[in-house]
Amino acid sequence: MTKEETKQIVLDIIADVAPDEDLTNVKPDVRLRDQLELDSMDFLDIVMELRKRHNIEVPEAEYPELASLDSCADYLTPKFEELGK
Amino acid sequence: MSGLAAGIRLAHFGKKVCIFERHNAVGGLNSFYSQQGRKFDVGLHALTNFVRPGVKGTPLTKLLRQLRISREEFQMSEQKRSRIAFGPQGETSLAFTNDFAVFEAEVASSFPTQIDGFRKLVELVRSYDDVSLDAQPVSARQIVREHISDSLLEDMLFCPVMYYGSAQERDMEFGQFVIMFKALFLEGFARPYDGVRVILRVLVDKYRAAGGERRMKCGVTRVLTAGDKATAVELDDGSVITADHIISSIGAPETERLWSQPDQNSASPVGALSFVETITILDRQPAELGWGDDTIVFFNDSERFDYAAPQERVDPRSGVICMPNNFAYEDGRELPEGIFRCTCLANYQQWRALPEEDYLAAKIRWYSVIQDSARRFLPPVASDVMSAATIATDMFTPRTVEKFTGHLGGAIYGSPRKHRQGRTSLKNVYLCGTDQGFLGIIGAMLSGISMANFHVLRG
Numbered sequence: 001m002t003k004e005e006t007k008q009i010v011l012d013i014i015a016d017v018a019p020d021e022d023l024t025n026v027k028p029d030v031r032l033r034d035q036l037e038l039d040s041m042d043f044l045d046i047v048m049e050l051r052k053r054h055n056i057e058v059p060e061a062e063y064p065e066l067a068s069l070d071s072c073a074d075y076l077t078p079k080f081e082e083l084g085k
Numbered sequence: 086m087s088g089l090a091a092g093i094r095l096a097h098f099g100k101k102v103c104i105f106e107r108h109n110a111v112g113g114l115n116s117f118y119s120q121q122g123r124k125f126d127v128g129l130h131a132l133t134n135f136v137r138p139g140v141k142g143t144p145l146t147k148l149l150r151q152l153r154i155s156r157e158e159f160q161m162s163e164q165k166r167s168r169i170a171f172g173p174q175g176e177t178s179l180a181f182t183n184d185f186a187v188f189e190a191e192v193a194s195s196f197p198t199q200i201d202g203f204r205k206l207v208e209l210v211r212s213y214d215d216v217s218l219d220a221q222p223v224s225a226r227q228i229v230r231e232h233i234s235d236s237l238l239e240d241m242l243f244c245p246v247m248y249y250g251s252a253q254e255r256d257m258e259f260g261q262f263v264i265m266f267k268a269l270f271l272e273g274f275a276r277p278y279d280g281v282r283v284i285l286r287v288l289v290d291k292y293r294a295a296g297g298e299r300r301m302k303c304g305v306t307r308v309l310t311a312g313d314k315a316t317a318v319e320l321d322d323g324s325v326i327t328a329d330h331i332i333s334s335i336g337a338p339e340t341e342r343l344w345s346q347p348d349q350n351s352a353s354p355v356g357a358l359s360f361v362e363t364i365t366i367l368d369r370q371p372a373e374l375g376w377g378d379d380t381i382v383f384f385n386d387s388e389r390f391d392y393a394a395p396q397e398r399v400d401p402r403s404g405v406i407c408m409p410n411n412f413a414y415e416d417g418r419e420l421p422e423g424i425f426r427c428t429c430l431a432n433y434q435q436w437r438a439l440p441e442e443d444y445l446a447a448k449i450r451w452y453s454v455i456q457d458s459a460r461r462f463l464p465p466v467a468s469d470v471m472s473a474a475t476i477a478t479d480m481f482t483p484r485t486v487e488k489f490t491g492h493l494g495g496a497i498y499g500s501p502r503k504h505r506q507g508r509t510s511l512k513n514v515y516l517c518g519t520d521q522g523f524l525g526i527i528g529a530m531l532s533g534i535s536m537a538n539f540h541v542l543r544g
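Chains as they are written, first to last, in our numbering: chain B, 1 to 85; chain C, 86 to 544.
FYI, nobody ran anything at the bench for these hints, they're computed from the structure.
Among these hints, one or two may not hold up.
To be verified - Footprint (simulated), chain C over chain B, 3 or more residues, beta carbon under 8 angstroms:
# : stretch
1 : 15-29
2 : 66-77
Said to hold, decoys possible - Below, a list of computed lysine to aspartate or glutamate pairs in the EDC-like style, where the Cα atoms sit at most 16 angstroms apart:
# : chain 1 : residue 1 : chain 2 : residue 2
3 : C       : Lys141    : B       : Asp74
4 : C       : Lys488    : C       : Glu441
5 : C       : Lys141    : B       : Glu37
Predicted model only: the values in this text are computed from it and were never measured.
For each residue, glycine too, the CB sits at the ideal point set by N, CA and C.
Work the whole structure out from these sequences, hints included.
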């Protein structure tokens with residue numbers, strides 16, 4: 001699993017959680033909240049879709065790690081690798 | 086509706102969910118029934134909280150995202166125009182549409198000395214955190230009076246907001262006022278061409294697709310407990326189903342009674358407010374009677390607007406008219422028949438006490454009183470024209486509401502005490518729906534979503 005693949009997984013989830021957002025120009029180094037209209041309910045959904053689709057657990061204390069696409073990639077890629085992906 | 090929304094969330098994220106419904110139709114307070122081949126909506130005059138595509142961060146948008154529903158599925162058509170009409174013949178009138186500037190201009194023109202205060206109030210409403218689950222209650226009358234000194238305007242603002250959701254007499258909690266003010270005025274009204282059943286069908290389909298189970302005509306009679314937790318529910322047919330979590334949409338006092346005796350000092354008193362509604366089916370569009378484009382009219386003929394349980398069976402001094410024909414349906418489509426609905430406050434005990442034959446006579450008598458009262462706020466139509474145009478009528482009373490929804494006292498808006506966090510005296514039993522305190526149809530669904538998230542999914 002590469003960091004780029006992880007970013008795509010996160011983007012795919014956001015596309016389902018917030019289908020009314022335009023994701024064509026999401027900047028990887030900018031906080032998702034600062035470029036998309038995502039609230040705490042949406043972030044909860046991102047976390048739960050990660051669990052549902054990929055068996056990845058994100059404890060509540062670590063939600064801030066999901067702030068931007070880059071930070072998602074840094075944080076989630078090792079988790080995917082642990083699962084042998 | 087709140088229960089279905091909670092069920093969709095839970096089933097989507099892999100929980101094993103079963104919904105138990107005592108009635109043969111889904112929807113609870115927002116359902117429908119058939120009579121002589123016609124389908125009648127109950128509850129829904131309009132879907133409130135309507136915003137156009139692209140407007141984000143509002144209850145409607147949150148709801149669509151959380152339930153993975155695309156806005157096209159709800160088939161929403163916008164209202165044409167609504168009004169608040171006060172005075173014996175509706176002499177003071179404030180029109181509003183889904184464009185808030187229309188309402189603001191109406192207030193400025195009818196109440197020039199009040200417009201600055203009105204704008205400040207609107208600013209406060211916009212910035213208020215109305216979905217906070219731990220807000221402290223404050224009086225809405227008190228806060229509105231800090232901005233509006235003319236009691237006529239004050240009452241005109243409270244009339245729609247109270248009629249569309251207040252369980253409390255005369256005043257309401259400011260957070261509830263904010264929710265309703267946004268839902269009605271800052272957002273707006275819409276309706277699917279086929280009414281509430283369109284929305285219910287979407288919910289039921291999503292729930293089924295997510296793997297949720299449903300048992301109809303099968304109510305819960307008892308919650309079995311061990312210490313301060315629920316262990317199982319006992320059903321109408323006597324069977325017992327175990328559960329880790331129970332979310333109840335039947336109301337707070339109704340839920341408590343599933344495991345404890347009714348208590349005078351209960352944290353959830355039974356609501357005092359109930360309603361009657363008359364439904365008149367016309368052989369033509371209401372506009373063809375000269376009634377114009379009004380979608381909803383909130384009326385009051387008295388000096389002060391008195392939102393309280395009436396002394397008599399019905400209080401015809403104020404009420405709500407709804408003409409579902411006057412939504413701008415796609416391609417100029419018209420409903421096949423005219424529909425004229427009038428809602429007024431009603432006294433539950435007095436309707437309850439009537440023997441069957443007197444009950445029918447009372448319905449007939451009050452039907453005309455309500456019609457006569459409401460028609461004062463519309464352009465006059467001769468009685469013989471009205472009779473000739475009428476092809477069917479129906480009426481529901483507090484008794485009907487209690488019978489079909491199970492809400493004690495026919496209290497459509499539930500208990501005056503809301504439980505924002507949805508907690509009960511049992512640790513794993515939670516409330517959603519009207520007694521949790523998010524209002525309207527969209528509010529009901531958001532309530533189910535929030536409680537499922539807060540108590541089950543996040544936990």
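A quick look at each hint next to the structure:
no.	hint	verdict
1	15-29	holds (count 5)
2	66-77	violated (count 0)
3	Lys141(C) with Asp74(B)	29 angstroms, violated
4	Lys488(C) with Glu441(C)	14 angstroms, holds
5	Lys141(C) with Glu37(B)	7 angstroms, holds
Comparing the model with each earlier hint shows violations of hints 2 and 3; every other hint is respected.
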